[in-house]
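For chain A, the structure is supplied; the task is to place chain B with the ligand on it using the hints.
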Amino acid sequence: MNLERRSFLMGSATTAAGGLLVACAPEQKEQSPAVTDVVPFHGDNQAGVYRPADQQASACFASFTVIADNRAELKTLFQRLTTKARILTGGHRHDQALPTEELNGVDGAPPVNSGVLGEDVPAANISLSFGVAGSLFDREEFGLKARKPKGLTEMKVFPKDQIDAAWVGGDLMIQICADSQDAVHYALRDIMKATRGQLQLAWKINGFHNKPRPDGAPRNLFGYKDGIVNPASTESLVWINGNSGQPGWTEGGTFLVVRLIRMLVEFWDRVGLGEQDGMIGRHRASGAPLGKDKETDEPDYANDPEGNEIPLDAHIRLANPRTKETSGSRMLRRGYNYDLGVDLNGNMQAGLIFASYQQNIQEQFEATQTRLADEPMTDYIEPFGGGYFLMLPGVKDENDHLASGLFA
Amino acid sequence: MPQKPAATMADAIAAYHSYVSGQLDELRNHLGTLRAAVANADTPGAQGAWLQAQQCWQRVGAAYGSFGELGDAIAPGSRGLQGGSADPEFKGLRRIEYGLWHGQGAPQLLPAIDQLAKDLQALAAKLPGLSTDPADMPLRLHEILEDSQRDHLSGNGDQGSGMAIALTRADVEATQEVLDLLRTLLQGLKAGFPALLDQQLAALLKVIDQTRTGGTWTPYRSLSLLQRQRINGALGRVLESLALVPALFSTD
Ligand code: HEM
Chain A
1 MNLERRSFLM GSATTAAGGL LVACAPEQKE QSPAVTDVVP FHGDNQAGVY
51 RPADQQASAC FASFTVIADN RAELKTLFQR LTTKARILTG GHRHDQALPT
101 EELNGVDGAP PVNSGVLGED VPAANISLSF GVAGSLFDRE EFGLKARKPK
151 GLTEMKVFPK DQIDAAWVGG DLMIQICADS QDAVHYALRD IMKATRGQLQ
201 LAWKINGFHN KPRPDGAPRN LFGYKDGIVN PASTESLVWI NGNSGQPGWT
251 EGGTFLVVRL IRMLVEFWDR VGLGEQDGMI GRHRASGAPL GKDKETDEPD
301 YANDPEGNEI PLDAHIRLAN PRTKETSGSR MLRRGYNYDL GVDLNGNMQA
351 GLIFASYQQN IQEQFEATQT RLADEPMTDY IEPFGGGYFL MLPGVKDEND
401 HLASGLFA
Chain B
1 MPQKPAATMA DAIAAYHSYV SGQLDELRNH LGTLRAAVAN ADTPGAQGAW
51 LQAQQCWQRV GAAYGSFGEL GDAIAPGSRG LQGGSADPEF KGLRRIEYGL
101 WHGQGAPQLL PAIDQLAKDL QALAAKLPGL STDPADMPLR LHEILEDSQR
151 DHLSGNGDQG SGMAIALTRA DVEATQEVLD LLRTLLQGLK AGFPALLDQQ
201 LAALLKVIDQ TRTGGTWTPY RSLSLLQRQR INGALGRVLE SLALVPALFS
251 TD
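Chains as they are written, first to last, in the UniProt record's numbering: chain A, 1 to 408; chain B, 1 to 252.
Worth flagging that the hints you see were computed from the coordinates, not collected in a lab.
Cβ coordinates follow ideal geometry from the N, Cα and C atoms, glycine included.
Among the hints, a few may not be true.
[Claimed, not checked] FRET-style restraints, in silico, Cβ to Cβ: (1) 247(A) with 222(B): 38 to 48 Å; (2) 213(B) with 312(A): 53 to 63 Å; (3) 158(A) with 86(B): 41 to 51 Å.
Just chain A, same shape as in the assembly (with noise of 0.2 Å):
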């Protein structure tokens, strides 16, 4: 990769952007060390399921169809994106050294940067993250079969979903998040006009993260605080490793479940309060499980086998039983809301995007899933559409590349 005159990386450049941009960056040590708005894109794992660990307030999750011919193409096609992921997960000033393919060496030509972010672009906390789709493998003229991760089926259709076709499929998942959404809309686009001959849009829906109120975990579209429990990183739920029975080169990479899930937020307004508690399995006030004082509280179900407290289909409840036989079904949850407008009829179409890491599609989400296949909540929510995803292992370095282990 061949570099112009003038290098500099605004924020921790060793790690976020490559050695390679540090290389020929003398003014490096006039940056101050502490740079908090860097989410660094290199790592044994991807950034965007524990990294950072506040979820950033904007996401895109993005799914592309792979128009690319051939292997060659698409292997150049993750080289690229690499290269893309190393220079918007730094930030980069107006008067920085761009690798050559970033340039397209001509005056005057229209600019590389689309200024949405102005000329000098902010790190923003941008995390890009990665991920492919069982049809990627099927597809003959990438020649990777064999390579097909187990489990990486099309998603599962469940008895209450209601699929709109414009919603699933793609071969690819960009999943975006930052500090804002202009953030997440330059970094879209600006991966967008490198790779038109490769990737195009299947569908893509943006979603926030509301702040804590007025504490503790976020809340919800339903106003329940959410993402309160959930499994830390070491315990070896989320991380495919050598014992998960997938192929060698999934290693460090995990599971995504994307769920687009409609909300009825005007049905579940008509709700008491008490039974959308029960519903929960929690106070809304302080999020604290039903009969407790703070959200932080653990539900005590075997001193409630009747479910007089928590009621037994209570979300919270059937989702996680809190057994020794169901310990292994949980996962991560990283979600975020998503608001698109109006549905046919004038009321408000919004919801959340679920988004799920685990080890195991089947015996995680899809077990979770089918506990919850009755619930009460399923009245007002209804599954339209999302994806399954192997979120490639990360890229551990400026030699490496995404996905390197699939061509390796």
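Here is chain B with the ligand on its own, set in the frame of chain A:
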């Protein structure tokens, strides 16, 4: 036949004008066929002749309102008209398309066809005297296909025929024609660039032609999403390249 490739921009413009006048002659022939078919109440025949005529006009490569008002009269859209497609002010090839796909016959269409024939004649007569800005040709090379995306593939320009792909194909041919005229000049500015454009335009033609079944064009909305994505992908890729052309020729 014009000389290709041209050695100077002035030659390129002259050659382009002679190419256009050839296309306008052909267009007049199609219009004659169209008129006869409409007069005979032969709707399929008229629809076929309309497509030939409209493709011919696309091959002229009259992007971004070139040829001024004379050009605008040939195939304006129905945008901005109070009555939309049914507005009495709506005229030209697209007006005829609207009628042919909305059950109109000779009484409504013959006046529109005759008016178009007059406008065409006026354009052909003025063409030799038209002066063309040297910056026009590079812009044209870029923007003919921007129009395909904006007007055809968006569905905005369609008046019922669904022929967006057929028209886009003609736009690609127009772009290839202009590229051929500018080839020597462009090669001098950026060696290898014309060949890259050739390859990307050919890739676009390939995915376009893959949508044809048994020699007929599928209405655009009936194509699968994947077919549309392949076309949009190939078009997007060549547009990103073509966008560099005006800057390459710029003397600023
Ligand atoms: C629009 C749909 C949904 C809404 C409104 C919703 C709402 C909630 C709320 C308010 C909580 C309690 C706060 C927390 O522990 O984070 C919760 C917990 C949970 N939800 Fe959902 N949820 C939805 C869909 C789902 C789906 C599709 C699944 C998985 C299939 C799921 C799995 C869970 C799990 C595993 C917990 C944690 C339970 C625990 O460990 O105690 N949720 N959800």
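Checked hints:
Separation of residue 247(A) from residue 222(B) is about 39 Å and conforms to the stated range, judged on CB atoms against 38 to 48 Å. About 57 Å separates the C-beta atoms of residue 213(B) and residue 312(A), a value consistent with the hinted range of 53 to 63 Å. Taken as a hint, the range 41 to 51 Å holds for the pair residue 158(A) and residue 86(B), whose Cβ atoms sit roughly 47 Å apart.
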